Every structure is written in structure tokens, then in C-alpha cells.
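Enquirer: Spelled out, the chains give:
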Amino acid sequence: MSIQTAVTWLVVIAVFALTVKPLGTYIAKVFTFQPTVLDKPLRPVENAIFHWMGLSRDSTMTAKQYGLALVLTNLAWMLGAYALLRVQGALPFNPAHLKDISPRLAFNTAASFTTNTNWQAYSGELTMSYFSQFAVLSYLQFVTPATGAAAAMAFLRMLSGRKMGNFFVDLTLVVTRLLLPLAIIVALVLVGQGVPQSLGPYLHIHTITGQTQVVPRGPMATWEAIEHLGQNGGGVTNVNSANPLENPTAFSNLVETIAMGLLPVAFFYAFGVMTGKRKLGWTLIGVAAVFYLIMLALLYFPEAAGNPVINALGLHTHANMVGKEVRFGLGGTSIFETSTMSFTTGSVVSAHDSYLPLSSLSFFLGMFLNMVFGGSGTGLLNMLMFVIITIFLMGLMVGRTPEFLGKKIEAKEVSLASIAFLIHPLLILAGTAVAVADPAGVSGILNPGPHGLSEILYAFTSAAANNGSAFAGLKAALPFYEVAIGVVMVLGRYASILVMLLVGESLAKKRTVPETSGTMHTDTVLFGGILFGAVVVLNALTFFPVMALGPIAEQYLMMAHHLF
Amino acid sequence: MKLLRPIIVGTVATWLLAGVAYPLVMTGVSQLLFPSQANGSPVRVGDTVVASRHIGQYFSQNQYFWGRPSATVPPYNAEASAASNLGPTNRLLIAHIKNRIRALTAVTPGLHVDQIPASLVESSASGLDPDISVQSALIQIPRVSKATGLSAGELKRMVQENVLSPQFGIFGRDRVNVVQLNLDLYKVAHLLP
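Sequences listed follow chains B and U, in order. Position 148 of the first sequence, counting from 1, maps to 148 under our numbering, and the rest follow consecutively. Plus 564 on top of the position in the second sequence (first one is 1) and you've got our numbering.
Calculated directly from the structure, the hints in this document are not laboratory data. What you are looking at is a predicted structure, and each value in this text was computed from that prediction instead of being measured. One thing to keep in mind: the hints can contain errors.
What the hints assert, rightly or not - Taking CB as the label site, the calculated pair distances span:
| id | chain 1 | residue 1 | chain 2 | residue 2 | range |
| --- | --- | --- | --- | --- | --- |
| 1 | U | Gly592 | B | Val45 | 13 to 21 angstroms |
| 2 | U | Ser624 | B | Pro41 | 52 to 60 angstroms |
| 3 | B | Gly533 | U | Gly733 | 39 to 47 angstroms |
| 4 | U | Gly592 | B | Leu526 | 49 to 57 angstroms |
Yeah, the Cβ is synthetic: ideal placement off N, Cα and C, and Gly gets one too.
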């Protein structure tokens, strides 16, 4: 490993370590309505918005109302986005004269960006006008992470014995207090590094070899900033952050990597602050961090060792550079990709389809678990779902009524948490099974052999996890995938959020049981270890068979120099 | 129905802030603070824009240094960025790499396969990678020297002048921007298109 790789990794991890506490505390303060630094300029604006909504800052809702408001608002966005994409040709800011989007692609794209997935069955530079990019899709990149974060904040308020709060207030505050201020800073840094931010037409270049090259421009830096801060992950162009326009330097790569993780990690700390269980907050951060480091190592080392079939040709270097960019190096590439898969961003700086089978396990691991910090707030909800299941398992083992934060975990909560857990593999495995059984699904495969199964599995996993990255060889623009992936994204997004809101409300209604010497403690290293083990066992039991048929089979065949 | 008003107001208000004001105001600020970067970092020779600083171009003539293989159609098509997406056990991937090794050794006097970095025969993620490793540039010197008539020593000096160190000394790797190097070559050797 080079010194640059080590330094890059350390800088990323150090920034997360240094920001988690101040940013987490800030988040907790904003959502418990305590005074914070941006009150002075922002309160009047927010108050005006709340006034027009007919609400006040301390309005509250029940879980059913909150869930309904969340779903209906998202539905409105999805329909609005669909309509605007369908008539893109008639709207302003379209210097490249791009046409209206077809109904199926408009549905897939509207579903994709509304669910915070940002799966893209199109190439941005050839399909989307500037208006569609900044006023439709990039707008959704603000409000959809805000939706997930709002739900998590409502859940935490209930857990900590507060009123649930109002969805519309939370939505507004995530945008004004978290996403916009950070996006302004990140966007400026990225422009400084060379990411275009212009409304001018595509740049026409006359090269010294007498060719013409057309370089897309547009409001790219503002998109990149919120793409990463909100764990959205959809790119302006086809290859996303691998494109030198979206990610021109090693430093811009670092900035985008850090932007993805700032909020998800801080939400874990905010959990500790809001519930008053800081030690438990740190325990959960520790568990997620261990998974993060495992993913990083699993990604880096096989890629550094290279493909044995190519190594046999006797080249000067061994690291696998298929589908990677020189300016990031393997170190910068691997920390970006680990982050995009753990924070469910889904932007990429390299071609995931061209990774070695063993390293691709790291991608799958991030999406299967979906709680290695995860998206802002939604990753926390998934982690707490595993916490509830683990506490239940521990209670069974020692024969006690399980408790969490002083509330008894009973049949209702465990049933709901189990449903939330099972939706994810059900969507992934059933979706993959249908695609493999249907000739329309199989016809989308680019790479033959076990890798083809991995391509399909990756698509459904990415959709269910609302990640949005792809084994991009798969022809995502086939009608079969446009529809199937669109449906899985919607179910994967809302089902688990709604179920977890019900868990929160059910816990909030319970009487708090005083802590005794017999209480099982959740804020210990021991609990962290058991939680880690439970997550590994539950996911291995669910996903190992399909892993064995895809990446693991391919790894052994590759080691035997077997090609397809 | 009670939800209709906050849905409309919430959507319109956040849209005006994040969907309209944010991109447009930031465009104005960026144009003021970073006029070159914000407009795609154009590189000019005289009045003509000959390159965008971070975007690679396709060079296939012997008198120029070559960049990495590009999977776009045609190569280095900046309007349609793409990777090959070929998987590690795909026969085509290995065939492509072997062909590129053959093409390089055929035109470069004295070049052996064990001098060729993998990145020079493996296609990039964007199809627009402007950079190659230093070794990738050095091994092309005999071919460029033969085609341009410039001495190997002079070409080596030009390559070394074009080596970009890791950013701030710590991020990324040593590399050579092929477009920049070829622009220097174009000026020195007065090459014709």
C-alpha cells in the first residue's frame, strides 16, 4: 500500500471522527428545537414557510398521520417529476435541445429520484436538459434525503419520550439547516477544483489532431454537492463521478467521499444525544465502523493483487485498472466506493461491473446490510431494527423480557421489526428470481457465466437498498428492468420507513420500566459484539446461497483461469 | 384534505430554495469566483479552444503520446461517457488487453510486455481519463521520437516537466496529463493535424 493511499484513508476517517460529535449534537439540537447557530438568518424564512403551511414549529402528528403525510408528499413529487420530464422539450434551459422523456423511462426516473435511489436507466448528458437536471432531479436530491432524515428524527423523538413532531416542519428543517448550508460550501469547493457550474451550451473543442470534441457543461457542481451530501448518487453524466467533469481531481474525490458520510455518521451520534444514551450511540457507531473497515479491506486488497488471468500476461503492474481512473489511484477509488456502498449513495468513480468477484462482495455486503451508517437517518432506522431483533434474541437466550431504552420489547415490536428486516431480502431475492426465470430479464446480461447472475442480483439489491449504483453492463433501459426496478425501489423505500414509524409509536406508548440489576445493558462492548454477530448471521443465512452462485463461484473459476 | 396545503406550500417553498435559488445563485457566484473552472476549464491556443483541462482526447498517431483505452464510441466522446463494463472472466476483456499489448509492442521499438503498465492497456471508467502513469509515458518515447524526429532525451525532459505530483503532496498519484503533454509536443515539433 502506498503512503498516499494510507494518508487518503486516514484523512477521511479523521474527518468523520472529528465531525461526528459537533455535527451530531447540532442535529439533535435542531430537531429538539433548541437554539443553534443559524437561527438568526433562517428562523424568519422558516417561520414564513410554516405560516403559509398553516402550521407552527411545534405542531405534532400521530405515526399514521406522519406516515400518510410522508407518502402523499412523496407521491406528489413523483407525479410532478414524471410530468415535467415528459414535457422537458417545451421547458426552458435546454441548450442541447433534448427531447421529451418516454413514459416508461420517466416513471423509472421519477420513482428512482423520489425514493432517494438515483438508479439511472439513461445517460444524463444525452437525455436530460439543464432544467430537468437542476429544477427536477437535483431538487429531489434535497427533499428525498430530507424525507428519510425526517422519519428518523420522528422515530428518535418518540423513543426519547418527546412528541413525534410534524413531517412538514422536519422536512423544511432538514433542507434549511442541514443540506443547503453544507451544499453551498461543498459546491464552491468543487467548482474550485474544476467541476463546471454554468448554464452555457456544451463546450465545442477543436483538438490539435483536427477533431471536434463536445464537452457537456451545466450546473454540475451544485448537483455533485447535494448528490453526495444527501446520499443520492445519481450522476449528471453516464459514468457519474468517474467523469473528470464531475470529479476532476484526487481532492474533489476526497471532498465527495467525505460529503457522503458527514450526515449519516452524525445521525448515529444524534441518536445518543436525543435518547440520552451516548454510550449506546458510540456502540452503534463502533459496530458500523467495523463493517466499514471490513468493506474497505475487502475491496482494496483483491483489486491491488489483480486478476490472475491478466497477471499471467506479464505486464509491468498487477493492480486491476479495468474501469478505473488514474488520478484517484486505487486508494482514493477504494475509499470512495466503500463510502458510496455503506452510505447508500450509489455514485461511482469506477465501473463496478469490472471489479474482481471477491472485491464485489464488499459492494453486496454494504447493500445487504444497509446499516453501515446508511443514508442520513434511514441507515440509523435500519440499525435500530437490528438492535431490536438482537435484544429479542438475547432475551430469548437468557430467558428474560427484553427491554430497550427502558421499554419492554414485546410481540408487536418484534413482529414489526422482523417484517422490516424481511422486506429487504424478499424484494432482492424474489426480484432476482423473477428476472432470471424470464427471458426478458436474462437478455439484459452483458457478461456471461456467474457474473451475469451477479449483474441481475446487483440491480435488484441496489434498487431495494435505494443505493442506485449498478453493474452497469446490465441493460437497465430494457422495459422489463425499467418497470421491475421502479417497483422494487418504491417498495424498498417506504415499507421499512413506515413499519419503523409504527415500532416507534408502539414503544412510545409503553410505560418506562425502571432499570434494575437484572436489566440487560445495551451500551457495552459485549452488546456491540452480539449485535455484530447477529447482523452477520441473519444476513449470511439469507444471502449466502445466492452469493455462492454468483461472485464466489466466479472467484473460483477465475482462479482456475476459466473464461466465458 | 388538511394535508393538501402543507404539501403544496412545502413543495413550492423547498423548490424555490433548493431547486431554483441554490443552482442559479451558485452559478452566478461560481462564474464570479472561478470563471475558468466554472466554464469547463477551457485550454486555448490563440483564440481556439483546443482542450478542456480535465478531459482526455483520442490520440492514435505515432507522433503523439497515447492515452488509456476508451470504451466510448468514438473513443474519448465527452458527450457519451462510458466504461466497457467487461467482467473479470469475460473472454472479450482478455482479448482486448492482448490486442492492445500487441498494438503497442508492434509500433514501439524495443518494447517488452513487462514494461507496460496495466492501466495503459485496460480501459478507464469514464472513457475520458486524461491521465496515464509516468511509466506509460516513458515507454512511448522511442515511438514518438522516431515519428517526430525529436531526441529521446528531449522527449524525456518534456515528460518529466509534465509529471503532476500528488495533489498537496499527499492525494492521488504521480501521473501525466496526455493532452497537456501532446500540446507541448505540438508546439515544439510544429506538428500538423
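Enquirer: Lying within 49 to 57 angstroms: is that true of the beta-carbon distance Gly592 (chain U) to Leu526 (chain B)?
Expert: holds, 56 angstroms
Enquirer: Could you tell me whether the CB distance from Gly533 (chain B) to Gly733 (chain U) stays inside 39 to 47 angstroms?
Expert: holds, 42 angstroms
Enquirer: How does the Cβ-Cβ distance of Ser624 (chain U) and Pro41 (chain B) compare with 52 to 60 angstroms: does it lie in that range?
Expert: holds, 55 angstroms
Enquirer: If I claimed the Cβ atoms of Gly592 (chain U) and Val45 (chain B) lie 13 to 21 angstroms apart, would that claim hold in this structure?
Expert: holds, 20 angstroms
In summary, the structure agrees with every hint in the numbered list given earlier.
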